[in-house]
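Visitor: Kindly generate the complete structure, drawing on both the sequences and the hints.
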Amino acid sequence: MADRRPNVVLINCDDLGYGDLGCYGSTVHDTPAIDRLAAEGARCTDFTMASPVCSPSRAALLTGSYPLRVGFGGASTYGLGGVLFPGWDVGLHPDEITIARLLRDAGYATMAIGKWHCGDQPDFLPTNHGFDEWFGLPYSNDMGRQRDPDDGPTMAELEAMLRDLGVTAPWLQPPLPLMDGTDVVEQQPDQASLTERYVERAVRFIRSHQDEPFFLYLAHLHVHLPIYVQPRFAAASRNGSYGAAVATVDWATAVVRYELERLGLDEHTLVIFTSDNGALAPRKGGSGSNAPLRSSKGTTWEGGQRVPCIWWWPGRIAPQVRSEPCSALDLYPTIARLCGAAVPTDRILDGDDVGGWFGLGGPAPDAERPFLYIRDGSIEAVRSGRWKLHVRKGPEEVRLLFDLVADVGETTDLADAHPDVVARLAAMIDAGRADLGDEATGTVGAGVRPIGRVAEARTLTTFDPEHPYYLAEYDLPHRG
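Under our numbering, read the sequence shown as residues 1 to 480, first letter to last.
Hints listed in this document are in silico derivations from the structure and should not be mistaken for laboratory results.
Do not take every clue at face value.
[As the list claims (entries may be wrong)] So the derived label-pair ranges between C-beta atoms look like this:
#	residue 1	residue 2	range
1	Glu-368	Gly-340	27 to 35 Å
2	Asp-430	Arg-238	46 to 54 Å
3	Thr-411	Glu-40	27 to 35 Å
4	Arg-399	Ala-281	22 to 30 Å
5	Ala-192	Asp-430	46 to 54 Å
6	Arg-337	Ala-235	39 to 47 Å
7	Glu-368	Asp-3	35 to 43 Å
A virtual CB, placed ideally from N, CA and C, is assigned to each residue, including glycine.
Guide: Shown next, in the form of structure tokens:
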């Protein structure tokens, strides 16, 4: 077994904030299992996701490409930041080579567990993107019936509301489906027990493939709203249901680690733990934390995209803290090399192999390389080394320069003091716009690939016109 290719377990949380773990400074969440991974492995202080919202972030993570490069995040996905809804006709193009497809073609067993959110049509599901197996939700856990139907508006009231808003059927949410492969196995599953079911499937997969290399993508539903948790986690929480959800993720991490150790696979497995974007803004009933970063999910401030990231591989990664800027885009080429899989050469990938920073061989990339922050189809900011330049905040043009080493909270604008840095980073944004496109400036990107589309999209479950419900109407105690 000593010369076998490594297994990879990629754990991706949902909306977990930078300051939500004990090893990242939380004083209200106890996360002993995750903290132990960080203490024994590498904890990244400057790891950034490629989008501040779900679908574009996940598409980028799986393809090693900016969301705009693969058609996510702009008007091509209905101008909603690229977040996909049930029954939409778009998703990750079948021609994209995900990290799962790359590894499966290299002889790996592959499984996705949990949230997908890269399209719910058959062409776009995980089993058509390199995963041998999938068990989970096709999109966010709020995209289903969350209220008693008798509490909702009548169909006439709902249709009038939709006419006023200028939107139509895609906003009418069918019951939330739980999928096993391409089959809907339940509707409106008990979310409080779903993490336990995910972990059970993860353990089963690990046991079944202990004698061959495997790739497991475990995409938790926590801590996305609405939050439903088991009583044992709620009783011990110091931060309401949110804290209980964090504890649930920590428990799940402990179980996966235990199973790897029990089977003697820990020294042959790279575990990467992260989150798809930052935490939501504070709310009642327990909230996430992006401290000490500015702002929250849905923004290109650091709080929207900088997230926890821990690399654990006993015997290969020594205990360390890494402060080099790196991103979700870098995971694809790094994992590919470590697993002996050649990255595709017929398309542009936007990440770099960063294994050298973690003592895993390979050249270390340029720490000054640009990283683009993209929201709603537009490039809003860029980071190069210690510097970050913001040029847009939604519809507003800005020019804000921050030194992220000295001012991680982005509080002191240094643009006037460093015009040379502003000019250098602005040129990076111009190059990014020409390559990826930019809706705010009307730029068409020269290096983009198409999003996937189907002709006759259908929802996975059936909308009941007798009991209409609108968007994500959370149960009142869980309202976001």
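Visitor: Tell me if the beta carbons of Arg-399 and Ala-281 are separated by a distance inside 22 to 30 Å.
Guide: This hint holds: roughly 25 Å between Cβ atoms.
Visitor: Looking only at beta-carbon atoms, does the pair Glu-368, Asp-3 fall within the given range of 35 to 43 Å?
Guide: Given about 37 Å between the Cβ atoms, the range holds.
Visitor: Looking only at beta-carbon atoms, does the pair Ala-192, Asp-430 fall within the given range of 46 to 54 Å?
Guide: For Ala-192 and Asp-430 the Cβ distance comes to about 49 Å; the hint holds.
Visitor: Is the gap between the beta carbons of Glu-368 and Gly-340 within 27 to 35 Å?
Guide: 30 Å, holds
Visitor: When you take the CB atoms of Asp-430 and Arg-238, is the distance between them in 46 to 54 Å?
Guide: At roughly 48 Å between Cβ atoms, Arg-238 and Asp-430 fall inside 46 to 54 Å, so the hint holds.
Visitor: In this structure, is the beta-carbon distance linking Thr-411 and Glu-40 contained in 27 to 35 Å?
Guide: 34 Å, holds
Visitor: Can you let me know if the beta-carbon spacing of Arg-337 and Ala-235 is within 39 to 47 Å?
Guide: 45 Å, holds
When each numbered hint is compared with the structure, no violation occurs for any of them.
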